[in-house]
Amino acid sequence: MKTKILLFFVIFLASWLYGQSLSGPEIIEKVDNYLNPETCWAKSKMTIQTSSGKERTFVYESWSKNHDEKNLIRYLEPIRVKNQATLMHNYADDIWMYFPRTRRVRKLATHAKKQKMEGSDFSYEDMGAGDSFIKDYTCKRLEDQSLEDRQCYLVEMHRKSNADISYSRLKMYILKENFVPVRVEYYDEDHPDRLLKTLIQSDIRIFDGIPTAMKMIMINEIDNSETKMEFIEVKYNIEIDDALFTERGLKE
Amino acid sequence: MKMYGFWILIFIFLSSPLLSQQLDMFGYFESQFMAARVKSEILQMQSNKMRLDFESIQNCLHFGANINAITYHGKTDWIIPDYLPDRVCKEIPASIRSYYVLTFENELELDNAYVRIAFHKWDLTLGKQQISLGSGYAWNPTDLFNQKDLFDPTYEQPGHNAVRVDIPLASRLNGMILYAPDDDWNNSAKLVSFKTGIGRFDYTIMAIEKGWTFHDYTAFYGFDFQKTVETRRMLGSSLVGELFGWGVWFECGYNRMQIRDHFYEITAGMNYTFDFQTYIMIEYYRNSMARSRMDNYTLNDWMRYLASEQKALNRDQLYVLIQHPVSDLTDLGLNVIAAGDKSLALLPTLRSTPFENVELLAYGNLYLGKESAVFHRNLGNGGLVRMRIYF
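Protein chains in written order, with the numbering used here: chain V, 909 to 1160; chain A, 469 to 859.
Next up, chain A with everything else stripped away, as it sits in the complex (with noise of 0.2 Å):
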């Protein structure tokens, strides 16, 4: 399949002259080492990717594509139960064990392909493209396509296939339906959302349904975990503006769920940067979906945490970060992650540009929680550093 996408992308520009004349090609390698200390073992894994994206505007039509390669080295598979909490690991049945590993494998994949066409009145963008919603820093509440990584939640999210239609009402008021089909009806997302200006205040209301994918991690048949889908309708709303001279936001979703219990989830922040340059930003979420004591996460918990299929382990989490510029190319930052159940992750972090169009990040990553919360010491403390050559 993903080779198919590569081909597709080879196709494309052969067989369109147009878009082939003026085709702007340009990307980045991205080289990434991490290791973490995990019980008496110092473990390790490096990834190159390199991204290469294609553009080709002409008037009111605008194609834009990117593929991304990647490969993984060092200590690719990575065995879940032991960084699990002894209690969770004892529901792990023991005839599927072998089953709970998290592989990274090489990937070679077209990761957005879409065109855009401008009409006098409104947009229509068609293919793999990318779908940002919300106003929330390291959690939106109101995005449904995407899960931020919480130690770099500005990474760019992979592209998602739709049909999408933009429509500016007024100079601040936006109409947007998105249409992002699936194996069927039911299971595809259907979206609409109204963005809107008011005073010093930007304002969405949107309505979504889309089909939730989620496992049974206890229960595994065939060649997978048992698998169920089931249609999440969700109400949401953001604003993001000013108050008393600091940045705020709020965004928020209640879903209604078709086989579990309805939820909400909420997210608030504020930042602002002071005459020393300064920044800090702060933001907390709650889902009420998850768990509001640590001795209650189950197996399922973890693992869909883990997988990406919910957005918290814990009922209420906090993200702070201060970042100051140390020189004219360096910030230097610190992080903190905090859970509702006294667990946090520190991370110190350096981001700089040391040459024209290289970006350097380095994180340092500390745990302190007990042996059964989220940010717990076996996750394995260490660090990663990043570099990415802009081509």
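So here's chain V without its partners, still in its complex pose (with noise of 0.2 Å):
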């Protein structure tokens, strides 16, 4: 019994010194590493909530390979932008739109990445970030921080002098039980006291062996408006073809 319990004390207080050795570029690419499995597929549904109180509803199909390198986005619903896709290589510096009307495929510069995403409060950068935390940002530990009773990683992101991004500085807000970040605070490029959006995530379930957020909520400090995006059904480290993430693929 002693033995146990010294063994549990051992765990425990090793644990506990491992959480406090990391610094903040290692919880990064802890994060990274959940967030940018080798493939994805889900099926998402987003909701944007406009500021003046209107809804608008859109579902999509995703596909994600080399850790989020290549990803595929194509709308189910609504009617009004269904087989709608967006390609995105080398972590969104390249993107291609497919109009299904006019089956034409236009190739857009990462200026576009600005966009918003349909009208929402994610814009493409947001969703096909990639490897962005780590590429393009310097990472630096603050004190840890209590969210709703859960002990959380508190680490502050500077843009690097040469990264084209849309922000000057994150604050993530890391889980310590699973470095799930389930709070997220955007500043702006050029102000970076001015906070612009906030990302809150929660129900967080284990897929494949990687904890992952369900419902995603980005809130829109400056207009006052908030996208929810919630997975519908997500899958992990599945078998995808390259060919996917073709101009040929980008039409199916």
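These aren't lab readings, by the way, just hints derived from the structure by calculation.
Among these hints, one or two may not hold up.
Partial selection, computed: residues in chain A whose CB lies under 8 Å from chain V [what the hints assert, rightly or not]: (1) Glu498; (2) Asp670; (3) Tyr671; (4) Thr672; (5) Tyr858.
Computed footprint of chain V on chain A; a stretch qualifies when at least three of its residues, placed anywhere within it, have a C-beta under 8 Å from a C-beta of chain V [what the hints assert, rightly or not]: (6) 624-638; (7) 749-756; (8) 775-789; (9) 792-803.
When the alpha-carbon atoms are kept at most 25 Å apart in a straight line, the in silico DSS-like pairs for lysine-lysine are as follows [what the hints assert, rightly or not]: (10) A/Lys596 / A/Lys658; (11) A/Lys589 / V/Lys1159; (12) V/Lys1159 / A/Lys658; (13) A/Lys658 / V/Lys990; (14) V/Lys1159 / V/Lys1084.
For glycine and all other residues, C-beta sits at the position ideal for the given N, C-alpha and C.
Relying on the hints, combine the two individually framed chains into one complex.
As structure tokens, this is what we get:
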């Protein structure tokens, strides 16, 4: 019995020490690993609530590969945008859009990443960020915080000088128990103290060993609008053919 | 002819249980109202359009079709000389003046109807289908099939009867061969194109041969103006990508003509989205077949331009679009279309989705140009409101 108690104590102490010793970049690397598995397929529902109280709902399928380096989004609903699709390569540095009524595929420049996705509070950059947290930001761990009685790492991320991204800094609250960022604050590109958007993630479930926030709410602090995104279904590390992430796949 | 399409479609569905079992039906209803002040009159026209789409996808077989039914109301006969400069109208022979009328007639047509078969290494598409070529927004020198409405360049184009083979050769290398039959081999369209991606750019090169129909609007024989079909051979290329953070595109076509002088067309454009969500787009277009001076515009130039037989009246044109989302569901914009004859059209535009599956477009058009210019005041300042409901 004494041995078990001692073992438990040692494990607890070791994990506490491990948690204490993690640096900002190490925490973000773990977050990134969970957010961007080798492959992912999901069916999602996005509900936009405008500042005037109106709601718009979209349902779409998405596929990603190579840890989100390649990403394809295809809309299923509403009928107005049915079969419209977006293909992203190189972590959304290369974007193509497909318009089914004209069967036209158009390549977009990276500035299009700043545009709202179907009028939502998520930009294309938010959706296909991939390894942006690692590549485009320097990370610094701040004092741990408690959010709704759950212990969180707090990491502040500052944009690197050469990064072409829309935010000057992010503040990320990450659950210690599973490295899920439950709150992310996005700050203005030119005014680092001006809070633009806040992402709240909840309803965390485990799929294929990967903790997944089933609900995300992006709150636009400027426009007073919000967009809710929910996973209807999600699968990780499945076989996805590279051919899907081509112009032919985009049009299918 | 137009009714045939409808019955052919019905026949296809009734005779193909496999297709009808998994048939997806959708479409939209569109109502449009336009008004223009011409001289002292306010002229009005309304149209109602119903588009019904059918789609069936089974493994490697994709069937798609749509029927358009359109009714026109109000002023459906437009006397063209009323809107042309006086100098040009003098060219119209008095005996045939009554034939210069643009009439909007009700339509019921099979717009697209195609089968696409996805083989392991390539796709085959047969039937009436969308053919979209080029990277330009308002003008596409490499697109010999369609002509965009400058006031609404993204509006869907009609389907074209063709046999098309798409061959993905590598992850960013695609080949396309297309044959669009006409009454004989010489007039039929033959197209070969290759599209590849290098770095941040997509490049396309293509060669097309197509019969080009144009009319002599000063000579009227029997039931129509005198028609000539000549072979047009075009070598074209386009690219689209990014330079210094701006989206850029370029498209050109060199045309060798059977009868008329050879000519070229060029489009170059750039666009950007600012952090405050305002979008700006600028596109330049040059057509060496068009006139450089407005004093040289002839009746044929005007009529061919209005009949979409040629893409421009003036050699140089510029398109500027500024758009900003004023709310989550509404964009306000200003389109400016300028011609080399120092005339321009201003179009303040509103696009909105006031309800789920409802789109609203409204724009005003203001012409600022001398009487002989492309965008001259006599064309009639006015506006258009269009509501589209998807189902």
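Hint check:
no. : hint                  : in the structure
1   : Glu498                : violated (12 Å)
2   : Asp670                : holds (5 Å)
3   : Tyr671                : violated (11 Å)
4   : Thr672                : violated (11 Å)
5   : Tyr858                : holds (5 Å)
6   : 624-638               : holds (count 4)
7   : 749-756               : violated (count 0)
8   : 775-789               : violated (count 0)
9   : 792-803               : holds (count 4)
10  : A/Lys596 / A/Lys658   : holds (15 Å)
11  : A/Lys589 / V/Lys1159  : holds (15 Å)
12  : V/Lys1159 / A/Lys658  : holds (23 Å)
13  : A/Lys658 / V/Lys990   : violated (32 Å)
14  : V/Lys1159 / V/Lys1084 : violated (42 Å)
Hint compliance for this structure: hints 1, 3, 4, 7, 8, 13, 14 are not met, and every other hint is.
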